[in-house]
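Spelled out from the first residue to the last, the chains are:
Number of protein chains: 2
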Amino acid sequence: MPPLTISDIDTQRANSGLLSTTVAGYTSSDLFKSSNSNRHAESRSLHHRLSVESRNFFGSELKKSSNQVFKTHMIPLGTGRPTSEFYPWDSVTIYKTPIRREISSACSTNNANMLPESRTIAKKGGDYDIARGLNYSHAAGLPALLRFVTEHVELVHNPPYKNWATCLSCGSTSALEVALRIFCNRGDSILTESYTYPGAVAVAHLLGVHTIGIEMDAFGLMPDSLERTLRTWDESRGPRPTVLYTIPSGQNPTGVTQSLQRKNDIYQVAEDYDLVVIEDDPYYFLCMDLGLDTVEKLNSADRDALATASGYLASLPSSLLALDISGRIVRLDSFSKILTPGLRAGWVTASDQIIDKFIAYYEVSTVAVSGPTQLMLLDLLDTTWGHLGFFSWLDQLSIQYRSRLRILLNACDQYFPKEVCKWTPPQNGMFLWTSLDLRKHPIILSRDQKEHNLSPADNPACDIEARILAKALEKGVQITMGSLFSTNQTPITKVYFRMTFAAADESEIEVGIEKVASVIREEFAIDTFYKEIREEGSS
Amino acid sequence: MPPLTISDIDTQRANSGLLSTTVAGYTSSDLFKSSNSNRHAESRSLHHRLSVESRNFFGSELKKSSNQVFKTHMIPLGTGRPTSEFYPWDSVTIYKTPIRREISSACSTNNANMLPESRTIAKKGGDYDIARGLNYSHAAGLPALLRFVTEHVELVHNPPYKNWATCLSCGSTSALEVALRIFCNRGDSILTESYTYPGAVAVAHLLGVHTIGIEMDAFGLMPDSLERTLRTWDESRGPRPTVLYTIPSGQNPTGVTQSLQRKNDIYQVAEDYDLVVIEDDPYYFLCMDLGLDTVEKLNSADRDALATASGYLASLPSSLLALDISGRIVRLDSFSKILTPGLRAGWVTASDQIIDKFIAYYEVSTVAVSGPTQLMLLDLLDTTWGHLGFFSWLDQLSIQYRSRLRILLNACDQYFPKEVCKWTPPQNGMFLWTSLDLRKHPIILSRDQKEHNLSPADNPACDIEARILAKALEKGVQITMGSLFSTNQTPITKVYFRMTFAAADESEIEVGIEKVASVIREEFAIDTFYKEIREEGSS
Chain Z
1 MPPLTISDID TQRANSGLLS TTVAGYTSSD LFKSSNSNRH AESRSLHHRL
51 SVESRNFFGS ELKKSSNQVF KTHMIPLGTG RPTSEFYPWD SVTIYKTPIR
101 REISSACSTN NANMLPESRT IAKKGGDYDI ARGLNYSHAA GLPALLRFVT
151 EHVELVHNPP YKNWATCLSC GSTSALEVAL RIFCNRGDSI LTESYTYPGA
201 VAVAHLLGVH TIGIEMDAFG LMPDSLERTL RTWDESRGPR PTVLYTIPSG
251 QNPTGVTQSL QRKNDIYQVA EDYDLVVIED DPYYFLCMDL GLDTVEKLNS
301 ADRDALATAS GYLASLPSSL LALDISGRIV RLDSFSKILT PGLRAGWVTA
351 SDQIIDKFIA YYEVSTVAVS GPTQLMLLDL LDTTWGHLGF FSWLDQLSIQ
401 YRSRLRILLN ACDQYFPKEV CKWTPPQNGM FLWTSLDLRK HPIILSRDQK
451 EHNLSPADNP ACDIEARILA KALEKGVQIT MGSLFSTNQT PITKVYFRMT
501 FAAADESEIE VGIEKVASVI REEFAIDTFY KEIREEGSS
Chain L
1 MPPLTISDID TQRANSGLLS TTVAGYTSSD LFKSSNSNRH AESRSLHHRL
51 SVESRNFFGS ELKKSSNQVF KTHMIPLGTG RPTSEFYPWD SVTIYKTPIR
101 REISSACSTN NANMLPESRT IAKKGGDYDI ARGLNYSHAA GLPALLRFVT
151 EHVELVHNPP YKNWATCLSC GSTSALEVAL RIFCNRGDSI LTESYTYPGA
201 VAVAHLLGVH TIGIEMDAFG LMPDSLERTL RTWDESRGPR PTVLYTIPSG
251 QNPTGVTQSL QRKNDIYQVA EDYDLVVIED DPYYFLCMDL GLDTVEKLNS
301 ADRDALATAS GYLASLPSSL LALDISGRIV RLDSFSKILT PGLRAGWVTA
351 SDQIIDKFIA YYEVSTVAVS GPTQLMLLDL LDTTWGHLGF FSWLDQLSIQ
401 YRSRLRILLN ACDQYFPKEV CKWTPPQNGM FLWTSLDLRK HPIILSRDQK
451 EHNLSPADNP ACDIEARILA KALEKGVQIT MGSLFSTNQT PITKVYFRMT
501 FAAADESEIE VGIEKVASVI REEFAIDTFY KEIREEGSS
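Quick note, the sequences are listed as chains Z and L, same order.
Residue numbers for the first sequence follow full-length UniProt numbering, beginning at 1 and rising by one.
Residue numbers for the second sequence follow full-length UniProt numbering, beginning at 1 and rising by one.
Looking at chain Z on its own, in the form it has when it is part of the complex (with noise of 0.2 Å):
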């Protein structure tokens, strides 16, 4: 049996659960798979890995009695969930922005004529409508946005196992929260890239639980150093970690991407050693990928394939949860990059056993994601652009963040001090890191130039950092300071800053790298102390 395909969905949709149309309507992922998965065994249970807090933990009582399906209307009596004739609000009326239209041109075989400029959602009718939108939800989704997230899954990664299932979640920083609260009691320990998100490291620091930062090289997280510190694990320091977090795209700060070879071998040292790992891929769909872009001095049957959304779809690379056979990665993916950061949504892929997890904790939490996001994720993904409008919407975005990075990599070149300055292109995601050579610094020249024998205790990287992030503020320019990614100690030979080119409007960016360019040649002592030195040194 074949993946699934757009192509396949209008069928798949004739064949999968019916869409509830009660409010908070009960819905599951399960109701609109395709029976591609059946084909694979079930995952491993991971029930073992459970934490104190979850593992006896199945949700609200009250949610599950309001889980029953009606064939026929019932006269609601029972919950408190108001009705639509009070809400204050009539209809919402959505407009589009401009770069939807090549998004119509590019998905103009299957639904050009179902994209108008804007589009109103009114009180009643539909798959969806401010009744039943801005009432109470499932935890889980509105039925008709988990049947779009749950087939773009699929078309996405294709779990190879059978019972993997997906819900909405409030944004992927929610989502991990409750992953850590799901896998970890205080006292544990979780192992992270050595640079990470510090969202991670501050809910792990909530949570009493250690970060265990493992080497990155240019491919991302190191297996081996990964395999070695699992390997040699000191019992002193608790129990030994049982779950991984990593960001394999556009790591966040250092903007590595993590080969396919490299994913094959975290996955083995994570079955060898029964990890659980979450996946953290906010960044998957931005393709920073340079090369691509010489596809306009392809030829234009190449050009056109990479170019439509199809095209797009089958370049993405292969996650760690496309690998996973036992069930073992949970995934969280994340509208903020790659729609607007503010409708606190995301989507989480694990095993059915972790999903039911999710829904329970979020049953008792933050019960559901808010209904106008919801409404405007529906309208805008399932009615507006459909599956392949959606993959052209996210290969226009890479394309324009690929022109930024440009101009970003540009400025860079033309402006940082080479000499003390190292940044790699990022492969996804929105960031670069740039490193400064401390030992290349005024002060440390000065006190020993030859053998660079600093002590931790002597280390003057926090200082010359902050005075670098103050200078850049000063002259207006916003930078983030290396440090605060960091899970170890603060490097005594390197100091980091992360930049972005999301952020600042477009016409900013040279000028923003021309400014902090000024401020590093000028902390370095470029121009004038450091030159002499160069000179001496060659003389």
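The hints are simulated quantities; they were obtained by calculation from the structure and are not laboratory data.
All values reported here derive from a predicted model rather than from experimental measurement.
Treat the hints with care, since some could be wrong.
Which copy? The list can't say, so a pair holds if one copy fits it or any two copies do.
[Said to hold, decoys possible] Here are the simulated BS3-like cross-link-like pairs (lysine-lysine), alpha carbons at most 30 Å apart as the crow flies:
{"hint": "1", "residue 1": "422", "residue 2": "64"}
{"hint": "2", "residue 1": "71", "residue 2": "475"}
{"hint": "3", "residue 1": "64", "residue 2": "162"}
{"hint": "4", "residue 1": "471", "residue 2": "64"}
{"hint": "5", "residue 1": "64", "residue 2": "123"}
{"hint": "6", "residue 1": "422", "residue 2": "494"}
{"hint": "7", "residue 1": "124", "residue 2": "475"}
{"hint": "8", "residue 1": "123", "residue 2": "475"}
{"hint": "9", "residue 1": "422", "residue 2": "475"}
We have chain Z; now place chain L onto it with these hints.
Same frame as chain Z, now just chain L:
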């Protein structure tokens, strides 16, 4: 210094802190309070009441690093907050419901000309726009929305201590989860009403926290019973409870509202035993006092006074927060029952020490309330309605719900067999709590008509409750069984049902009740067996 009134708001705003205009700009309710609270003393510290988890947690370093407020524009090369240029939405237009018209006339003195049929939120401009509203937001809320909510809290509750603070929550269920994590460790017990919101019991169960139900009467939770439970606490059950969770208005499920005397007495016990009190008050604004509608028979001056928004405001009872001189009340408010549940938004008021903890928790989980939700709230509450319009909405909504309550009560009066059914009209909220006298059930009567000496092992209540629920569903009516709300053992002399007049179409309420009544009559054999018994008894 007199308390803040609606007419002071313009001056108050002129004197209050500026609204940050940057993405996810720093904000705090401290910027928006009047100087009125300065005349009060500071709250007592609740540090000794913080859980192991929350005590040393202060939120996200990353968020705090971007809390800095700049006077001039900064080129944002640091934070990963995508530019609004790449949002797929250009604007959102929201149409209001007809009920708005009454509000328009109610607050016609100050902003009738600000009440258009619809309003468009543009990409950029004004106090709020899509560019910032759909980007990351400060965990406390968008500045202009937090300002409105802070003013609202001061207008309604005017907390009598200096350092009270407010932040948005992702709904009260979410706020309750966070509150219990802030104050409870595994193995702790919290005090609740003997019948309470199942979501509270579920989240306590998740956290390994026991719920101890306190007896209630017609005025709500009984202070004597509360005090006795604390005084006679057996430490072998774990530490003596330090948290009381209470729903003071239109209690879920009983519909009972605490009198002012009752609130004072409960607060005194809280002071004596140094309790933290979680005041979960989603039904506070839904005033179901049917006596109020006799104003229709009053002279026109009295009627006008009660029918205007400021009359409504004056008629609101004192909350526990309004009595709180020590800062031990954590008040949870929600938009769910007064606007729509799908917003997933509410607000929390407590001492700044506790609000800082809420913000810290939200920073590493949900990050912020959904942007579309916040934009809809801002547009409706602040721009369109203003404070007077909001109170007018709440007044109008209460009037409409009272009309539905009257339909429900009339139907109960007409159809329910009074031999076995008892109910009391609620003073607030949306629930009617009905008890069935099990001692009059044929099974019991036939067993032991005189003494009713049932042993718990012999308890038929669950069967009877389940049978009534199932039969009602067969007839097309959904009601909620009382045992779902019980914190203690199921009683053996009563069966309870919770019914609401808020969810069904108004025209369905009577027929729904008629059907439920017929199920009860059948179950209790009112028209056959029980009638015979009665006749025998009276003969």
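At most 30 Å between CA atoms: does that hold for residue 422 and residue 494 within a copy, between copies, both, or neither? within (10 Å within a copy, 76 Å between copies)
Go through the copies and call it for residue 123 and residue 475: within, between, both or neither, with a Cα cutoff of 30 Å. between (51 Å within a copy, 28 Å between copies)
With identical chains treated as interchangeable, where does the CA-CA distance between residue 64 and residue 162 reach 30 Å or less: within a copy, between copies, both, or neither? within (24 Å within a copy, 43 Å between copies)
Check residue 471 against residue 64 for me: Cα-Cα at most 30 Å, and say if that holds within a copy, between copies, both or neither. between (56 Å within a copy, 19 Å between copies)
Within, between, both or neither: residue 124, residue 475 at alpha-carbon 30 Å: between (53 Å within a copy, 26 Å between copies)
At most 30 Å between C-alpha atoms: does residue 422 with residue 64 qualify within a copy, between copies, both, or neither? Between copies only: 28 Å across chains, 55 Å inside a chain, cut-off 30 Å.
Is the C-alpha distance from residue 71 to residue 475 at most 30 Å within one copy, between copies, in both cases, or in neither? between (66 Å within a copy, 13 Å between copies)
Copy assignment of residue 64 with residue 123, given that the CA separation must stay at most 30 Å: So residue 64 and residue 123 pass the 30 Å test inside one copy only (27 Å; across, 40 Å).
30 Å Cα threshold - placement of residue 475 relative to residue 422: Within one copy, since 22 Å is at most 30 Å while 73 Å is not.
Consistency note: the structure conflicts with none of the earlier hints.
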